[in-house]
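J.: Its first residue numbered 6, the sequence shown is counted upward by one per residue in the numbering used here.
Since the hints were derived computationally from the structure, they do not count as laboratory data.
On a predicted model such as this, the values are computed, not experimentally measured, just so you know.
A hint or two may mislead.
Cβ-Cβ distance ranges computed for the label pairs, FRET-style [said to hold, decoys possible]:
1. A51 / L93: 39 to 45 Å
2. L160 / D207: 34 to 40 Å
3. N128 / E234: 25 to 31 Å
4. W172 / R209: 25 to 31 Å
5. C273 / L160: 45 to 51 Å
6. D295 / W172: 51 to 57 Å
7. G281 / R209: 32 to 38 Å
8. V163 / L78: 30 to 36 Å
9. E48 / R291: 34 to 40 Å
Ideal placement from N, C-alpha and C gives every residue a C-beta, glycine not left out.
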Amino acid sequence: MPTPEPIHSKTDARSRRTKERLVVIGPGQADRHYWRDLWSSRELLAILAWRDFAVRYKQTALGVAWAVVRPLLTVVVLTLVFSRIAKLQSDGHSPYILMVCAGMLPWFLVSTIIGEASNGLVNNAELIGKVYFPRLIIPSASLFVSLVDFVVSSLFFVAISIWFQFWPDWRILYLPFFVIMALLTALGPALFLAALNVKYRDFRSIIPFLLQFALYISPVGFSSAVVPEQWRLLYSLNPVVGVIDGFRWCLLRGEASLYLPGFTINLCTIGLFLIGGLVFFRRSERNFADVL
Numbered sequence: 006m007p008t009p010e011p012i013h014s015k016t017d018a019r020s021r022r023t024k025e026r027l028v029v030i031g032p033g034q035a036d037r038h039y040w041r042d043l044w045s046s047r048e049l050l051a052i053l054a055w056r057d058f059a060v061r062y063k064q065t066a067l068g069v070a071w072a073v074v075r076p077l078l079t080v081v082v083l084t085l086v087f088s089r090i091a092k093l094q095s096d097g098h099s100p101y102i103l104m105v106c107a108g109m110l111p112w113f114l115v116s117t118i119i120g121e122a123s124n125g126l127v128n129n130a131e132l133i134g135k136v137y138f139p140r141l142i143i144p145s146a147s148l149f150v151s152l153v154d155f156v157v158s159s160l161f162f163v164a165i166s167i168w169f170q171f172w173p174d175w176r177i178l179y180l181p182f183f184v185i186m187a188l189l190t191a192l193g194p195a196l197f198l199a200a201l202n203v204k205y206r207d208f209r210s211i212i213p214f215l216l217q218f219a220l221y222i223s224p225v226g227f228s229s230a231v232v233p234e235q236w237r238l239l240y241s242l243n244p245v246v247g248v249i250d251g252f253r254w255c256l257l258r259g260e261a262s263l264y265l266p267g268f269t270i271n272l273c274t275i276g277l278f279l280i281g282g283l284v285f286f287r288r289s290e291r292n293f294a295d296v297l
């Protein structure tokens, strides 16, 4: 017959769990223990991510299929404009629509994160005003929701690859690195815009325009190789360029080459945006509850 567990051991276990979840609010406490509180609130991060995903496709006829429909329509339009009308060439021997789709995947991931995260604080104003938690959780939840959309939209690329019998090679093993690079590329600007959107609500209208403008100056519908050599380094200041070229290098058998000097600039730009976004967000965070 098993020996019953002593009552005091159960009490001690509950006490330890309570202490682990205890958040002390006082002068300077939030700043000193911010990252520890962020890790302690990881369950809230999962709850917010699941809620945002469920709300996005609630009462929609197509549901999660919208994650395929939106990039599909954009790929078709960009292929017609740049391939049929502008007569631009694809990278190597890859089909043009496949090249556009390989560029649309990271762009769709980056733009979705920026669009969702920038409005996250405003959409959760009631939660921010009532409960203390690291506000960084709200824009971070958009990363996980957008990753689900990214996985679903990747099925479109798989379908086109099957249709054209054009399969990736061993370079696809590097794809997780470029996915992480895309997440970090989006997170820096998203933190800037999320903090600005709290104070200046004009950004709710400005952000969709900025994303639409960025789509056409990024090499989504065309190869970055068409940019003249003397402008390649300047063009590489756009951090999305390195992510898109990296995806195409992974998915198109290396026929889309990586411009290494520009790729180095991309990594530096991503790092500057990320550090600057975190610093700006943390400085603005203490006033979110008052402004909202």
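J.: Identify every previously stated hint that the structure contradicts and give their numbers, smallest first.
T.: 3, 4, 5, 7, 8 and 9
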